[in-house]
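Line by line, the protein sequences are chains A and B.
Using the numbering used here, you'd call the opening residue of the first sequence number 1 and step up by one each time.
Using the numbering used here, you'd call the opening residue of the second sequence number 1 and step up by one each time.
A portion of the hints provided could be inaccurate.
[As the list claims (entries may be wrong)] SDA-like mimics (lysine to any residue), calculated; alpha carbons at most 25 angstroms apart, straight line: (1) B:K132 to A:P229; (2) B:K132 to A:S111; (3) B:K159 to B:A45.
[To be verified] The following residues of chain B were derived to be distant from chain A, with all beta-carbon distances above 12 angstroms: (4) N10; (5) I115; (6) E121; (7) Q130; (8) L138; (9) L141; (10) W190.
Note that these hints are calculated values from the structure, not bench results.
From a predicted model like this one, the values you see are computed outputs, not experimental measurements.
Backbone N, C-alpha and C fix where the C-beta goes; we use that ideal spot for every residue, glycine too.
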Amino acid sequence: MSIIEFRKTSKHFGDLKVLDEVDLHIDVGEVVVLIGPSGSGKSTLLRCINGLEQISGGDLVMDGISVRAGKKQLRLIRQEAGMVFQQFNLFPQMTALENVAFGPRKVRGASVAGAREQALALLEKVGLSDKAGHYPAELSGGQQQRVAIARALAVRPKVMLFDEPTSALDPELKQEVLTVMRQLAQEGMTMVVVTHEMAFAKQVGTRLIFMEHGKISVDGHPREVIENPPSERLRDFLQHVE
Amino acid sequence: MQTDWSVVLNFLPQLIGGAKITVQITVIGLFGGLILGTMAGLMRAYGGRVLNAIAFTYVELIRGTPIVVQVMFLYFAMPVLTGLRVDPMSAAVLAIIVNAGAYIAEIVRGAFLSISRGLSEAGLALGLPQWKVLVYILGPLAFRRLIPPLGNQFIVSLKDTSLFIVIGVGELTRTGQEIMAANFRAVEIWTAVAVIYLILTGTMSVALRMIEKRMRIL
Chain A
1 MSIIEFRKTS KHFGDLKVLD EVDLHIDVGE VVVLIGPSGS GKSTLLRCIN
51 GLEQISGGDL VMDGISVRAG KKQLRLIRQE AGMVFQQFNL FPQMTALENV
101 AFGPRKVRGA SVAGAREQAL ALLEKVGLSD KAGHYPAELS GGQQQRVAIA
151 RALAVRPKVM LFDEPTSALD PELKQEVLTV MRQLAQEGMT MVVVTHEMAF
201 AKQVGTRLIF MEHGKISVDG HPREVIENPP SERLRDFLQH VE
Chain B
1 MQTDWSVVLN FLPQLIGGAK ITVQITVIGL FGGLILGTMA GLMRAYGGRV
51 LNAIAFTYVE LIRGTPIVVQ VMFLYFAMPV LTGLRVDPMS AAVLAIIVNA
101 GAYIAEIVRG AFLSISRGLS EAGLALGLPQ WKVLVYILGP LAFRRLIPPL
151 GNQFIVSLKD TSLFIVIGVG ELTRTGQEIM AANFRAVEIW TAVAVIYLIL
201 TGTMSVALRM IEKRMRIL
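With the hints as constraints, model all of the structure from the sequences given.
Laid out in structure tokens, this is it:
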């Protein structure tokens, strides 16, 4: 069953075509890894799913709701599609616990106690129960990103969107974030991940999409595609990433 | 030159009376100015084309004209135009509201826009409506950045009340002027007036610095 459907989706920034009539169906439980050179449209594709970028043509349906259906419907989409950003974007005036409890409180209308309890459980899940009272500025990049994952999960989304979640991290900090993501995938979470981590794509991904000039140029099983690139351009790209 | 500082003591009750009116105009005016300025600033930063244009026109109109002209307009021209008479005190308070509001609008706009777009996106991505992102996420962060420039504006507005001498409001400067006209003790009276202004602005500075210190500036 498709939970995300791109239907000839286009996106322009002025004259620049960033997405060019993309057709893509993503099913529940898939872990889709998006790769491609910078400017190929992979981040834009991701950001269109939860309406952070407005599509310019075609349609995009997430969990049965079109991103063009209106503001209220867009908020429903966003509740079902948690997002993790490259720059973490934790709320600096709130502790780790408050960051995680914030969504349930203000979006789902959870009680203070309920939100707190759930936040503590999620922080434990990402291995940070001892940092609950710390502010983002007091955490390492890897820890901040794990809090950000917990914050997104707290709203109980059906899909998780990751926009280069490890690109801003030192190599040794990347692993702790990737571990949490691997665990999520094992639990059956539907995930769309923009990343350059090819090892993660191979081990965790169920599908690899290579984008070029706003179009999907390769779509296949990660291991097969990586070991046997069907296009010269992809072969070239993989050599530069690895 | 002979100075006699006992005059100051004799006229102190009158001067303090004037200072009270100065404080009254400033406090009510800045309270209104904060509300008006916050609204206009948010309209500039997040409003659609129409709201943005309204706020922009207001800010440019007020920033581009002297406050003395504004209060003269409110006090002398408005009654002619609308038939509504305002007393000098109301005209003075209104002038501070309108004038400070325009400057505060720009301060508010700058503070909100200086906050990383990513934080706003993080809030929206959770499924929050825009107004909740403003109130719960950006607002508290912007407020901390507002305090230093706001302190500046508060002090400017307090001193601007001295210009209302032109419509005969009995504030501190006007009181000093009246005492002076009667006894010609220029040095003593104007020194006293200046010192009282310094005490008022100094108190304001200290209060703002205390608020600033109590918050972690991010």
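Results of checking the hints against the structure:
About 47 angstroms separates the Cα atoms of B:K132 and A:P229, which puts this hinted pair outside 25 angstroms; it is violated. Restraint check for B:K132 and A:S111: the C-alpha separation of about 17 angstroms stays at or below 25 angstroms, so the hint holds. Annotation: proposed proximity of B:K159 to B:A45 is violated, straight-line Cα distance about 29 angstroms (limit 25 angstroms). Every CB of chain A is more than 12 angstroms from the CB of B:N10 (nearest about 53 angstroms), matching its label as outside the interface.
Distance check for B:I115 against chain A: the nearest CB is about 10 angstroms away, which does not clear 12 angstroms, and the non-interface claim fails. The claim that B:E121 is not at the interface with chain A is violated, since a C-beta of that chain comes within 12 angstroms of its own (minimum 6 angstroms). Not every C-beta of chain A lies more than 12 angstroms from that of B:Q130, the closest at about 9 angstroms, which undercuts listing it as non-interface. Taking the minimum C-beta to C-beta distance to chain A, about 10 angstroms, the non-interface status of B:L138 is violated against the 12 angstroms cut.
For B:L141, the requirement that its beta carbon stay farther than 12 angstroms from each beta carbon of chain A is not met, with the minimum near 6 angstroms. At roughly 46 angstroms from the closest C-beta of chain A, the C-beta of B:W190 stays outside 12 angstroms, upholding its exclusion from the interface.
Checked against the numbered hints given earlier, this structure breaks hints 1, 3, 5, 6, 7, 8 and 9; the rest are met.
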